[in-house]
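These are the residues of each chain, in order.
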Amino acid sequence: MTVQVPPEVLSAGHDAPASRPARARGRDTLAGVVFLGPAMLLFLVFVLGPFFVAIGLSLFRWDMLTEPEFIGTENLTTLIADSSFYNALRNTFLFALASMATHLVAGFLLAIGVNKLRSRVASYFVRTSLFFPFVISWAAVALLWKYVLDPTFGMGTYYMELVGVSPPNWFTDPQWALPAIIGIDWWHTVGFTFVIMLAGLQTVPEQLYEAARIDGAGAWQRMWNVTIPMMSPTIFFASVITFIGAFQIFDPIQIITPNGGPEESTLSIVMYLYQQGFQAFQAGYASAVALVVFVIMALVTAFQFWISRKWVHNQ
Amino acid sequence: MSSVRAGMKTPLGRRTLLRAGPLAALGLSAAGALAACGGGSGGDGEAGDGTGELNLIYMGDAAQQETFQSLFDEFQSSHPEITLNANGIAAGDWATFGNTVSTRIAGGERADIISVATEGQRLMSSKGLFEPLDELIDRDSAETEEFYDNVSSNLQGWLDKYGSPDGSTYFVPGGYNTVAMYLNRDVFEAAGVEIPDTDWTWDEFRTIAETIKEETGAFITTAGAGFPFGQILPWLFTNGASTLDAEWTTATFDSPQAVEAAEFVKALVEDELVPQPGGEFDGATQYQRGSLASLTGGRYTLPDVRRLEMVDQTKIVNFPNNAGPGTPIGWDGWAIFKASENKEAAWTFLKWLMTVEASEYYAEQGGTNVPVREDVAASESFLNNAPEGTELIATGIEFATPVPSPDQQALVDAEVNKGWEAAILGNQPVQEALSAANEAMQELL
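So the protein lines, in turn, are chains A and B. The first sequence lines up with residues 1 to 315 when you count with our numbering. The second sequence lines up with residues 316 to 760 when you count with our numbering.
Since the hints were made in silico from the structure, they are not lab data. It should be emphasised that the depicted structure is a prediction, and the values quoted were computed from it without experimental measurement.
Pulled a few chain A residues facing chain B out of the computed Cβ check, cut under 8 Å: (1) Y147; (2) T152; (3) F153; (4) G261.
Glycine residues also receive a C-beta, built at the ideal position from the N, C-alpha and C atoms.
Just chain A, same shape as in the assembly (with noise of 0.2 Å):
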């Protein structure tokens, strides 16, 4: 059967948006930009607006007391030429790379555990007690930790030495510096990750497992071609995040190895941007510095989705 579509009703569904009176067309306008506007003041004024600041700062040599000066492209030419900053910048790949790979791994399995757990009671204490530390603040996280590895009077050292254990310097020890600021950022935010991982696990339709297991799959088999490829997704988002946080590094290496000692084992690139604008009062040089920054960052990110096309499986 046909049915005959009267020519006044196809014609009034079409013509209706175009017979919009100007006056309702001018409402929604107005409401999109009440609602854009306070996000956008706040856009232009906290962040491009400083961007292309610090694009003009950089051109500038400036300590914030005195005249700017105009020196084109100086502190560019004398940031190539900074150990330092390589330093900075050494330090800061390592630790992001080092963080995001701890982050992941450790978070992943930790949601894997979690979510086999029958009991309420124990899934509910163990992703509390995951997540808890967290929400510490970086100052009282980066003190507690100094105390407790204080190489005379920490409680970590006292039960390290009492089974035989003698721990390094930790904080001293240009060797292991890093890697316990590393242990201890992992220990602070590795619940973040776990909770991501947790709910992209828990997303992961249960009737493919049972297809798997239908097909003779084991627990290897069903976690490498169903858990992962179904979380990929997750665990790219979780790698770009923990990575863009990762090098953006400061408060505990500000607390724990003031200046990123010892010998620049832990200057990171921001802690390196803060001496340079702050101590150093090079707010141009402190400029450049940040815009190189954004570029690696921007290429790092760039990478990674470029990357993500290859293994994220996207449903």
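With chain A's structure known, arrange chain B on it following the hints.
Just chain B now, kept in the frame of chain A:
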């Protein structure tokens, strides 16, 4: 243990940017900020009529702010025509305070008065931020002469040399700190060691440290880096060394005397006569427990000793010496911003700070520095409820050396800390560590 010096304790163009082209086009708000606090030319404020509102910036943690606030309240009660808005900055040390203040001023914060430590006086006065005080001092000589007659000539000379780029007076000194040693009598007695009278040598110090360690297991004191005023400079100054020359233009951190000092401290670390540096512990609590035989510090250490009710069990002696007595000294100075629109009222406040009453009141309230007035530093206001030997912190000014404070103070300090730490921990040979730091410091200078 508190890791800052007292004053102290726990340790600023306008039209310019319009000419800066792209920056101005980008609307850099700091331009107005700098204009507000007035550096360079054209930043002059007004004298005012001696009444109205005053904004004051100073450094202090929560406890110090409480003490300072009682001082300001005292001023307020005697000068109701002036409203004093005090803004305490809880910086950990003077270098951080200087950085914070500079950033705030660049960000547009206005103030009339500021308390600046030695570390920032030359840098900030050279930027033309402050009002010269000479005319005011001369005009009100009836009130100011008596004050300056009571201030150590050493300190007045240092204020001229290090606190002024042009011979003008920019700061009214408030208080100072030197470094001495607070000794725990109980630990010395338990070890069967006699407490030194006032002075002791490095050799005597080392011998006593060994005996105390052997007899009680306690550490003689602490060692480390991060706070040059209390942890590094005393060792250098008592061996005729320093980080910089007297003009603060040449690095001298790798002199034979400095190397000898670092080697001495390194030996203390290696022989476990001091706790291993690198962590964090409450030094005052360990001192009370008898795990530490001494605390190194100035007047800023006293609040901890009082809090732990250790005043009677403590004796203060000079820092042990090798080449001769020595101690770093740092002082705070009060300055009036050139852009202040109420300079007369600001000057009234500074004159009030010079009085015996204000100085005594601050000392009695628990002030964490030595009053610059010698009469008050020798009075009961300063010596009461304090360990035997407290006067040594004041008389240390006679053989003290001003804490080296070049324009790049924070970065120079970072290099000093880095070199000293590498040396005493054995991360690098002592000479190599200090020479590397010295080279880096010279580049900064």
